[in-house]
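Trainee: Sequence:
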Amino acid sequence: MTTADKISKSFKTELKDIYPEREIQTFVEILLEYFAGLSKTDLILKSKETLDQTVIQKMEKALIRLKKTEPLQYIIGETEFYDLKLKVNPSVLIPRPETEELVQWIIEKHKNDKKISILDIGTGSGCIPLALKNNLPNAEVFAVDISEKALETAKNNAVINNLDVSFILLDILNVKRNHNLGELNVIVSNPPYVLELEKKLMHKNVLKNEPHLALFVENDNALLFYKAIIKFANNYLKVGGSLYFEINEAFGLEMTALFKENGYQDIELKKDINGKDRMIKGIKGSM
Numbered sequence: 003m004t005t006a007d008k009i010s011k012s013f014k015t016e017l018k019d020i021y022p023e024r025e026i027q028t029f030v031e032i033l034l035e036y037f038a039g040l041s042k043t044d045l046i047l048k049s050k051e052t053l054d055q056t057v058i059q060k061m062e063k064a065l066i067r068l069k070k071t072e073p074l075q076y077i078i079g080e081t082e083f084y085d086l087k088l089k090v091n092p093s094v095l096i097p098r099p100e101t102e103e104l105v106q107w108i109i110e111k112h113k114n115d116k117k118i119s120i121l122d123i124g125t126g127s128g129c130i131p132l133a134l135k136n137n138l139p140n141a142e143v144f145a146v147d148i149s150e151k152a153l154e155t156a157k158n159n160a161v162i163n164n165l166d167v168s169f170i171l172l173d174i175l176n177v178k179r180n181h182n183l184g185e186l187n188v189i190v191s192n193p194p195y196v197l198e199l200e201k202k203l204m205h206k207n208v209l210k211n212e213p214h215l216a217l218f219v220e221n222d223n224a225l226l227f228y229k230a231i232i233k234f235a236n237n238y239l240k241v242g243g244s245l246y247f248e249i250n251e252a253f254g255l256e257m258t259a260l261f262k263e264n265g266y267q268d269i270e271l272k273k274d275i276n277g278k279d280r281m282i283k284g285i286k287g288s289m
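End of the sequence shown sits at 289 in the numbering used here; the numbers just go up one at a time, nothing left out.
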């Protein structure tokens, strides 16, 4: 007889050398809600009741994957981001809380704009443009990515959430043609910004499972994507338009200098909830 209580004890025993106990309990709660529809209250009230065999098998498979340090979000195939449920898989990064802060900043700055066009560069799961469209319904929103698989995931998320966002296949380091985006009011990007030398500081489950293409940049060219996006913005962002980036905490000063070199005004460097330089914004000047 396998109960929720027994499942919980089994997970804690098997995973204790990999994850903190509180995190393991969270895994159990999320998985049982996903596989069996059991809320936290149900787990307390029904902890001694026998689980359906199908649920038990799914929990056993999930345990095997967790032991291999596969992220929980990939196991259940979804995550939550700014009040949206999004499908995720190994072709896209799992959205981070810091990126929600970036989205919140943009919404606060532009919530009173009657008409606005927005482009997200390197969209991955589509978390940024979909959250922006959901909260700025009058905005015309575009998103680009170099990965066809990522765009497929993002398009699926748009359908699931009934949000109208236009997705385009584009390599921002090799823009060859006009993409009929018009003049944009806002460009936003959370590009690869983790240095190769920082790999040793990252959690094993991130390194083993999430797409390195979306994470890492060469040590000697840390601002590669930011420079390319600013060059792109020369042609597509309106004078007076806003450019937003999520950044590596170590490069706040360098990013501020890069904005100034390219004629951006009203530059704001913003810290995340952990007090680290994580976001930057500038207004395009008339160079």
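Read the hints as simulated data drawn from the structure, not as lab findings. As the structure is a computational prediction, the values presented were derived from the model and not from experiment. Just so you know, not all the hints are guaranteed correct.
To be verified - Taking CB as the label site, the calculated pair distances span: (1) Lys70 / Lys272: 18 to 28 Å; (2) Lys229 / Lys63: 36 to 46 Å; (3) Asn158 / Gln55: 22 to 32 Å.
Positions of the beta carbon are idealized from the N, C-alpha and C atoms, including for glycine.
Trainee: Determine for every hint whether it applies to the structure shown.
Mentor: Hint by hint, here is what the structure shows:
1. Distance hint check: the CB atoms of lysine 70 and lysine 272 are about 36 Å apart, inconsistent with the given range 18 to 28 Å.
2. As the Cβ distance of lysine 229 to lysine 63 is approximately 44 Å, the hint placing it in 36 to 46 Å holds.
3. One distance hint, 22 to 32 Å for the beta-carbon pair asparagine 158 and glutamine 55, holds here, with the actual separation near 30 Å.
Checked against the numbered hints above, the structure breaks only hint 1 and satisfies the rest.
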